[in-house]
Amino acid sequence: MERFRPAHQSLLSPLCGALLSASLACSGDDVSDSGETTGTTGTNSSETASTSASASASASGSGSASATGSTTTSSTATASASASASAGDTEDTSTTGDDRILVPVGHTRELRGAWVASVFNINFPSEPGLSAAAQEEELLDILDTMESAGLNAAFLQVRPESDALYPSELEPWSRSLTGTQGEDPGWDPLEVAIDEAHARGIELHAWLNPYRAKASLGSELAPPHVALAYPEHAHPYGNYLWMDPGATEVQDHLLAVIDDLVTRYDIDGIHFDDYFYPYPTDDPFPDGLTWGAYQDGGGELSRSDWRRRNVDTMVEAVGELVAELRPEVRFGISPFGIYRPGIPEGISGFDQYEGLYADPIKWIDAGWLDYLAPQLYWPTTYPKQAYDVLVSWWAGATSGGRHIFAGNYLSKLGSGPEWSLDEFLTQIELTRAQSEAGARGNIYFSVEPILSDWGGFAGILGDDLYAEPALTPAIAAAVSDVVAPPELSLDAGVVSLSHDAADSLRAYSIYFSDGDAWVLDRLVPAAEATTTLTQGTWAIAAAAKTGVESLGVVIDVP
0 MERFRPAHQS LLSPLCGALL SASLACSGDD VSDSGETTGT TGTNSSETAS
50 TSASASASAS GSGSASATGS TTTSSTATAS ASASASAGDT EDTSTTGDDR
100 ILVPVGHTRE LRGAWVASVF NINFPSEPGL SAAAQEEELL DILDTMESAG
150 LNAAFLQVRP ESDALYPSEL EPWSRSLTGT QGEDPGWDPL EVAIDEAHAR
200 GIELHAWLNP YRAKASLGSE LAPPHVALAY PEHAHPYGNY LWMDPGATEV
250 QDHLLAVIDD LVTRYDIDGI HFDDYFYPYP TDDPFPDGLT WGAYQDGGGE
300 LSRSDWRRRN VDTMVEAVGE LVAELRPEVR FGISPFGIYR PGIPEGISGF
350 DQYEGLYADP IKWIDAGWLD YLAPQLYWPT TYPKQAYDVL VSWWAGATSG
400 GRHIFAGNYL SKLGSGPEWS LDEFLTQIEL TRAQSEAGAR GNIYFSVEPI
450 LSDWGGFAGI LGDDLYAEPA LTPAIAAAVS DVVAPPELSL DAGVVSLSHD
500 AADSLRAYSI YFSDGDAWVL DRLVPAAEAT TTLTQGTWAI AAAAKTGVES
550 LGVVIDVP
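Numbering that gives the first Met the number 0 numbers the first residue of the sequence shown as 0 and each following residue consecutively.
To be clear, the hints were calculated from the coordinates, so they are not data collected in a lab. The reader is advised that the hints may include incorrect statements.
Label-pair distances were calculated between CB atoms; the ranges are [said to hold, decoys possible]:
1) LYS361 <-> THR262: 24 to 32 angstroms
2) GLY345 <-> ASP187: 46 to 54 angstroms
3) LEU424 <-> SER301: 38 to 46 angstroms
4) GLY395 <-> ALA214: 34 to 42 angstroms
5) GLY287 <-> THR179: 28 to 36 angstroms
In silico lysine-lysine, DSBU-like type, Cα no more than 35 angstroms apart, as pairs [claimed, not checked]:
6) LYS411 <-> LYS383
7) LYS361 <-> LYS411
8) LYS361 <-> LYS383
For every residue, glycine included, the Cβ atom is placed at its ideal position computed from N, Cα and C.
Please work from the sequences and hints to get the whole structure.
What follows is the structure in structure tokens.
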């Protein structure tokens with residue numbers, strides 16, 4: 000079943016569907032030079048990557064503009080919004096009964112992310128047992144550095160070992176915080192991370208490991224850990240303790256954890272990495288209990304197909320749950336970077352389909368996910384795992400307007416001649432070259448080289464590649480939503496920003512008039528009430544948490 004995301008009724012302008020061209024104002028992603036937005040096609044393509052709309056705006060001549068949820072018209076929808084505002088007043092603009100001018104706006108969308116790992120204290124916190132104040136200071140330093148580098152998405156590992164970086168009645172506190180699983184660290188890292196990330200214009204995605212119960216067999220478990228609740232489904236394997244993906248109790252527990260997270264926290268995404276069934280060792284995975292029960296019940300699948308079905312069932316259930324609870328939350332997975340050996344031709348390596356029982360192409364085609372972030376952890380110089388070949392293939396494998404965000408092994412920067420600074424800059428450009436096909440950003444593992452500015456990489460991002468702000472791409476299932484424009488008032492160059500559905504917004508996008516185009520100047524977090532504008536003509540739009548933007552309200556600053 001494909002994910003169904005109901006429209007955000009609180010964001011819809013009244014009668015907008017009847018009077019406003021959906022392709023012009025409802026998708027809210029990149030806007031083409033004609034002023035029309037490109038939605039999803041259901042084919043192997045993505046939204047256009049044009050930088051801005053070529054929308055000729057006529058200043059209203061008023062020192063203020065007030066946006067309400069009133070009906071709008073456009074050059075492609077000739078219905079009159081009111082007796083005082085006729086359609087087509089200025090090409091590619093809209094007017095309303097309160098004499099404001101509305102214009103289509105848009106910019107190149109790109110996800111610019113980094114993984115922040117907590118397992119083994121890879122990134123956060125730097126070591127267990129720090130005081131709450133010291134841990135919070137580290138977290139804020141991470142977010143500050145990400146903001147300076149121009150990143151707009153943090154993938155924080157909040158469930159490294161079926162434990163939690165937040166207070167939970169379902170799982171114990173993570174040992175990464177205090178050194179002892181189950182021990183209260185004295186604060187809520189996830190809550191602080193969300194609030195502080197959003198204040199910096201950064202999305203906060205909750206990164207979970209669905210089945211890993213211990214990252215090291217020698218560690219101790221604390222209640223209410225899932226492995227203590229269901230010991231018959233907790234299996235030592237290699238150096239791990241692993242929950243059986245074929246156990247209904249394990250699947251139900253995972254869904255309960257995700258339900259709790261999505262319901263209680265204002266996260267922007269649920270994210271899994273590449274661990275489903277564990278990477279194989281010389282020994283078979285000991286799931287004989289659930290496999291035997293399946294066979295006793297008349298099951299006819301092979302063991303490999305049965306394991307894949309177990310993972311498929313979980314992915315589908317999580318996708319449906321997230322979409323039902325909060326359609327604005329993005330659900331995605333970062334699979335191993337090779338789908339199968341020989342796909343595409345000339346590529347060789349580990350077979351995740353048979354080794355991890357993961358079928359990411361099925362998941363994206365079925366609409367269970369909003370994106371894939373394949374871990375393309377090889378340089379362009381490795382012909383059997385060539386980055387350029389792989390990113391092109393993955394981008395072309397998307398469907399339904401969903402996205403590929405390439406995973407980059409930034410922690411290898413400087414480790415050898417093949418992992419030079421130029422290599423990673425090339426990988427970013429190769430990803431961007433596939434934007435029309437579906438690749439719309441990069442996620443770096445891990446955040447540490449950005450924090451320490453290895454090789455000057457973070458500086459190059461902030462000063463050059465990510466110098467211009469960008470929203471992440473709109474969720475594919477939401478591109479037909481219509482977002483009401485914001486309400487504005489101007490006082491001596493200070494614009495007050497508000498919206499009837501402010502809790503459903505991510506940001507206000509501020510565009511300036513540059514000839515015949517609207518160019519994005521800044522993104523103002525939704526919680527901020529004001530912004531300062533210099534003399535000129537501006538357009539301000541509301542950006543929903545789905546990534547969909549409203550029409551821009553034109554405001555002239557004398």
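Verification of the supplied hints:
1. For LYS361 paired with THR262, a C-beta distance near 28 angstroms keeps the hint of 24 to 32 angstroms intact.
2. A hinted range of 46 to 54 angstroms for the beta carbons of GLY345 and ASP187 is consistent with their spacing of about 48 angstroms.
3. Distance hint check: the CB atoms of LEU424 and SER301 are about 45 angstroms apart, consistent with the given range 38 to 46 angstroms.
4. For the hinted restraint 34 to 42 angstroms between GLY395 and ALA214, the CB-CB distance of approximately 35 angstroms keeps it satisfied.
5. Evaluation of the 28 to 36 angstroms hint for GLY287 and THR179 yields a pass: the beta carbon distance comes to about 33 angstroms.
6. Note on LYS411 and LYS383: the hinted pairing holds, with a Cα-Cα distance of about 18 angstroms set against a maximum of 35 angstroms.
7. Straight-line distance between C-alpha atoms of LYS361 and LYS411 comes to about 30 angstroms, which keeps the hinted pair within the 35 angstroms bound.
8. In summary, the hint linking LYS361 to LYS383 is supported, as the alpha carbons are separated by about 24 angstroms, within the 35 angstroms threshold.
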